[in-house]
Amino acid sequence: MKSLIPMFTAIALSTGAVGDVSIANVNKTESYYNERKVVDIDFDKERIENKINKKTYDSSNQNEVYVPGSKNKGIQLNSGKVTIPSSDLKIDKEETITVSLWMKWDGNDNDFIPFAFGQYTLWFHNGNFGFNTGKYDVYGVEKGFKAGQMTHVLAEFHKNDVMKNKLFINGKKQELSQLEGSPDNKKATFDESLLIGGWKYDNYHDMDEGIILDEFNVLKGSIQEGEEEDLYLLSKVPELNVYQNGLYAKSEWAIDILDSDLLYQTDFETNDFIPNFKWGYDEFYGDGGQSITTEDKFSGNQSIRTEDTFKNGNWIQWPNKNRERSIHVWERFKFKNGIPLSITYYAKSVEAKKALIMANGDGGWAESFYDYDLPPVKLTKPMKRGDKVAHVDNPDAFKIAKHGYTLDQDELKIGTVMQVESVDTENKTVTFRNSDGVGSDVEEGTPFHFRQWRGAWSFPARNVANEEGWKKVSVNTYVTDYKDYDVSKRGGSYYMASSTDNVIYLDNVKFGYATEVELYRDGKKVYKGLMSDFADREAIDKEKPDMVRKITFNGNKDDLSISFEKPKDVGTKYTYSIRGLSKNGETPVSKNKEVEITAGIKGYSYLIDKNPTTIPSNKINLTTESLKTSLKEQGQYYLHLKTIDNQGNVSEVKHMPIEIPELIAKANNQENFVNLEWTKGSVEPYTYKVFKKQEGSKEFQTTSTSSYKDGIHVLEIYPETRSQDDTNKDYIPMIDFSNWKGESFTLPKSASLKKWMEEPNKENEKGYGKGLIHVDTVSITEFNKNPSMIHKYDELVFGLWNNNNWQDISNDSVSEVNTFVASGKGLLFGHDTIHHLRPNFIKIGEGNGIEYVNENVYIYNGNNDKKQFVTGNSTVEINKKGLLTNYPWAIGDIGTKLKIPFAHTYKQKTAGDIWLRFNYGNIGMDDPLNFYLTTRNNIAMIQTGHSNGEATPDEQKILSNTLFYLAQLTSKTELDDRSSQDVTSPTMPSITSMNLDSDGNVSIDYKDAVDKGTEYEYYVEATGGNSNSKLKSNISKATITSGLKGYSIVVDERSDTVPDAEIETKGTSYTVSPPNTKDFYVHVASVDNVGNVSAVSHYHYEDKQAPVLMIEPNVKEWTNKEIVLHVTVTDKDSRVMKLQMPNGDWIHGNESTYIVKENGIYYFKAVDQGGNETIASLVVSNIDKKNPNVQINAPEEWRNEDIKIKIEGSDE
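So the sequence shown is numbered by this note's numbering: it starts at 78 and just counts up by one.
Check before you lean on any hint, since a few could be wrong.
[As the list claims (entries may be wrong)] If you anchor each label on the Cβ, the simulated ranges turn out as follows: (1) S703 - Y109: 47 to 55 Å; (2) T457 - K411: 40 to 48 Å; (3) D813 - V1087: 16 to 24 Å; (4) P1005 - N1072: 44 to 52 Å; (5) T701 - G725: 16 to 24 Å; (6) A538 - N262: 53 to 61 Å; (7) E428 - K249: 25 to 33 Å.
[Stated by the list, open to error] Derived EDC-like pairs: lysine to aspartate or glutamate, alpha-carbon spacing no greater than 16 Å straight-line: (8) K476 - E498; (9) K1155 - D1129; (10) K458 - E544; (11) K430 - E544; (12) K1122 - E593; (13) K619 - E544; (14) K236 - E171; (15) K122 - E520; (16) K114 - D183; (17) K770 - E1094; (18) K847 - E836; (19) K1114 - E1092; (20) K430 - E401; (21) K818 - E776; (22) K220 - E171; (23) K461 - D485; (24) K605 - E620; (25) K869 - D885; (26) K1114 - E776.
These are calculated hints, taken from the structure and not from any lab test.
As the structure is a computational prediction, the values presented were derived from the model and not from experiment.
Built from N, CA and C at the ideal position, the CB exists for glycine as well.
Based on the provided sequences and hints, a complete structural model is requested.
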């Protein structure tokens, strides 16, 4: 067997090829008869099912056997009867009914009733066949049946008038006569149930095992002229299947081979033909996994079973070694070239993804040479008979594995045809694979020729994978019509092949001449011929695809992802019908088969610009349903998108605004908040979440979008009591209370949140929720039954009871809660919810930044190692300032301590913000395991609940603020974010001077401070209510600077005093009375308008050293005048307050003069601001106001010589 010719498929290039024939006036369609039917049973599914009412019936003995019938399966009742109640028929008011059936009689049973309406029946009695009314009467025909033939019976029953009845056999009207007895027209009614296989009065007239029924139909009304032939041929209506093949419609049909056209038939029974499973012309590869089996069959006892050809396949042709197909070979047949052939078979696949069946006729070598692709080549040495190696002058002319080379010189005389195994170009030899070599001696110089292989016929392959049960396959082809291959003389070897990844069964194979058909599309004939399929290339998709409907945007201007739902390619619908043209006439037109040809989406053309109505080109620039892009600048952009299908049809353009919010953040310094405004989307409803990052923070987190005026709807899911014994630890008592509206409630104490938020108290007449927080309650048991109830609420609260009373949420609830949180709504966990005994709570916490740390540790009480994971106390301290500490209750500043009932954490670690911590004398105040209240985005955990329904006013205020904070979704486009406040201290004022005045007051001078303010960054995420788009705005910054209010100044005797936020002055100097004048401290801090206090500038005044007194005379030599003493006093620590003169007078100042008139000791005293004294003196001894005395001693007498005179002076 050689390579196969291409499969024949009928293709009409235009409807004009077969004419434009309407079926409006041809005989009635199959649908027309179906509308009249009240019973339609074909037994093909091996059950007795009426396709009209979809009911299934049992036989009386359930001993029926399903065997081949007129079309597919028929039934052999084996003396059983089937009852169809009159209530299922509803024909008792009909004047006429018609029964159509096929029946095969084996010639043995001569007394049986095929069916009966009470006593109104058809009766076969001793060769007579006709109508009976239970009076041993037969109105009918003699010898109406031939044994062993499937016969069509059509009987028209008239109410109360048997003589009007009509009987048709194989479409021919029968001449009826009264053959036995007389009818009782009173019994000729349709009031009673229908019995198939006998009647109700005895079992004698039952149908035995030699009778087969098929296609049993009951129709309302009588038989009109021509309908008898339709109903006879109804079973011959081709079974039409229409589907999309590529871009066009393809029809396939199955039609039985007429008995007169049947050439060959086998059921693979013991005495039937069994094909040869082993195949190969030079190598054999076994039976291909094929065998005769009894494990399953369409009819009889045996069928062919083929198992996994990918492992066992035997259809292998060198050099291919892949085992993909198995083949079995039948006999060789001879037909005239060009005649139509048909094959019908039943196949069944078992859990196979692939189950392909082929049927072909292998022919032989052409009686011609085909040398067009063979370069000239001849032998350079002679070859002896049996040689396989040829010496040639042109080895390049041969192709390895190619089959068809021959040394024949006469086209009509076919000798040895060879396949190339190898080529030796160096030695110019060719080796052939023929097992026997050349068939005769060949001379040197003989040229080579090439013959083509001719197949005899080739049927279209059919895939029976994924079919339920046995499938009937009918395919047609033509015998090939080659001039160089006469199939009528040389014949073709009929073979069947299969390819499967599991198991295929094959049974009831018929081989014969094809039956002609007419195929109609939308009432117009598009094909007439003998093939079994038709490729209708004019039935294409002519409709434009649907435009894109739902577009989802994600990201921001600089990183924008766009995705959209793949639109539907609308497609074009066509309606097909078919009828067979047999020697016995035309069958009715089949039921309409509708197919929608959908070309499928090929891609998209899109454009993004700022024009709202741009039309993109028809050139595809996107082949997926997503893209990423960035927008160059701020502003309103539009996406323009059209869909293009594989047929080139183009959709309407979808113009979609890209509604990225544009955010402006402005600080309201006067009121200490940030005002946010952003643009609103128009194409769908949006909800918004606001993300914020405070300077110094690493990540953006969501913040509350609720205003003080907005109400919050909260659902508290509380644990139930597990015991009615009030001494049991699992017992939860009931509480009674009334809310601020006057409504009374009785609830378990584990649902106390409603009481805390809504019951009036001395601090607010509307409760700690201030009338803003509305709480509904539901038990955890009821919640787990219907977790979807949560989505109408703004927030959920779990577990305000110790250990949540040992109760967890369900797996289904986890999914629902995660969806709730992902939508942006708030979730608050209470004490001991995220706990190893409640793993489903852990699942939610882990996904949202609150982790359960599974360690075996002890309670962290402030004295243990910081790495302990359990903390507890009844004092909590504010660790972070913001909305949560201010609204709707102002609970304090950072460092404020609040009282709660004793509580603790238990192995919970947070990745979020810690607003309040347990205080242990400042131990562990930076530990992520030490928290009383933590938030991360829209989820929070608070340790309320350890006290089993007790809460201090402080704790209830914290809860109220937390619920307000967790309200983080809004549909508004403006927000006053009061959680953003000026929390940054002003700069520190630097003291430049400090003076102690003479009156004892301190004058302080310092540099002006600056209020730095706090910077916040924001972006808004918009979520589309229809598309689920998530669009992020630009990041907008705002710095809240409340402004410098003034300075707080303290003068005291402590070195580390921190002034409070009370303002002493707004200026940069200040005078204050010190506690003493010797040793004190000055503390100066700047304060802004919201009470942020700067770092403190400290000045230490200390006066412990006495002043230094310097006395300097203006004359240090002898003088007869007054001396002026210049006195100067200096003081290192303070200033000189006064100076005492020698005469006792006090001078206020640090310098003076004192006139000395006479010698003496002069004392001065200096006193500084600290009271330190210094006494200093100066001795004056250089004043001389008396004249000096002179004593001259000389001789008294005159001398004429030098004389010595002695002069002596003296001074007092």
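Going down the list of hints, with the structure as the test:
Separated by about 51 Å at the C-beta atoms, S703 and Y109 satisfy the suggested range of 47 to 55 Å. Between T457 and K411, the C-beta spacing of about 42 Å keeps the proposed range 40 to 48 Å intact. Hint check: D813 to V1087, Cβ distance near 58 Å, so the stated range 16 to 24 Å is violated. As the Cβ distance of P1005 to N1072 is approximately 51 Å, the hint placing it in 44 to 52 Å holds.
Range check, T701 to G725: about 19 Å between beta-carbon atoms, so the 16 to 24 Å window is met. A C-beta distance of roughly 59 Å is found between A538 and N262, which places it inside the suggested range of 53 to 61 Å. In this structure the supplied range 25 to 33 Å is violated for E428 paired with K249, their Cβ-Cβ distance being about 47 Å. This hinted pair checks out: K476 and E498 have alpha carbons roughly 9 Å apart, not beyond 16 Å.
Distance restraint check for K1155 and D1129: the Cα-Cα separation of roughly 12 Å lies within the 16 Å cut-off, and the hinted pair is therefore satisfied. Our distance criterion of 16 Å between C-alpha atoms is broken by K458 and E544, whose separation comes to about 60 Å. At roughly 10 Å between alpha-carbon atoms, K430 and E544 fall within 16 Å of each other, so this suggested pair holds. Between K1122 and E593 the alpha-carbon distance is near 105 Å, which puts this suggested pair outside the 16 Å criterion.
Restraint check for K619 and E544: not satisfied, since their Cα atoms lie roughly 31 Å apart, outside the 16 Å limit. At roughly 8 Å between alpha-carbon atoms, K236 and E171 fall within 16 Å of each other, so this suggested pair holds. A threshold of 16 Å between alpha carbons decides the hint, and for K122 with E520 the separation of about 68 Å lies outside it, so the pair is violated. For the hint linking K114 to D183, the alpha-carbon distance of about 29 Å lies beyond 16 Å, and the restraint is violated.
Between K770 and E1094 the CA atoms are separated by roughly 5 Å; this keeps the pair inside 16 Å, and the hint holds. Between K847 and E836, the direct Cα distance comes to roughly 10 Å. Compliance with the 16 Å bound is thereby established for this hinted pair. Of the supplied pair hints, the one linking K1114 and E1092 holds, its CA atoms being roughly 7 Å apart against a limit of 16 Å. Taking the CA atoms of K430 and E401, the gap is near 14 Å; set against the 16 Å cutoff, the hint holds.
A hinted pair counts as satisfied when its Cα atoms are at most 16 Å apart, and K818 with E776 does not qualify at roughly 42 Å. For the suggested pair K220 and E171, the alpha carbons sit about 31 Å apart, so the restraint of at most 16 Å is broken. With a C-alpha separation of about 14 Å, the suggested pair K461 and D485 falls inside the 16 Å cut-off, and the hint holds. A C-alpha spacing of about 28 Å is found between K605 and E620, which places the hinted pair above 16 Å, so the restraint is violated.
A threshold of 16 Å between alpha carbons decides the hint, and for K869 with D885 the separation of about 22 Å lies outside it, so the pair is violated. Taking the CA atoms of K1114 and E776, the gap is about 15 Å. The hint holds against a cut of 16 Å.
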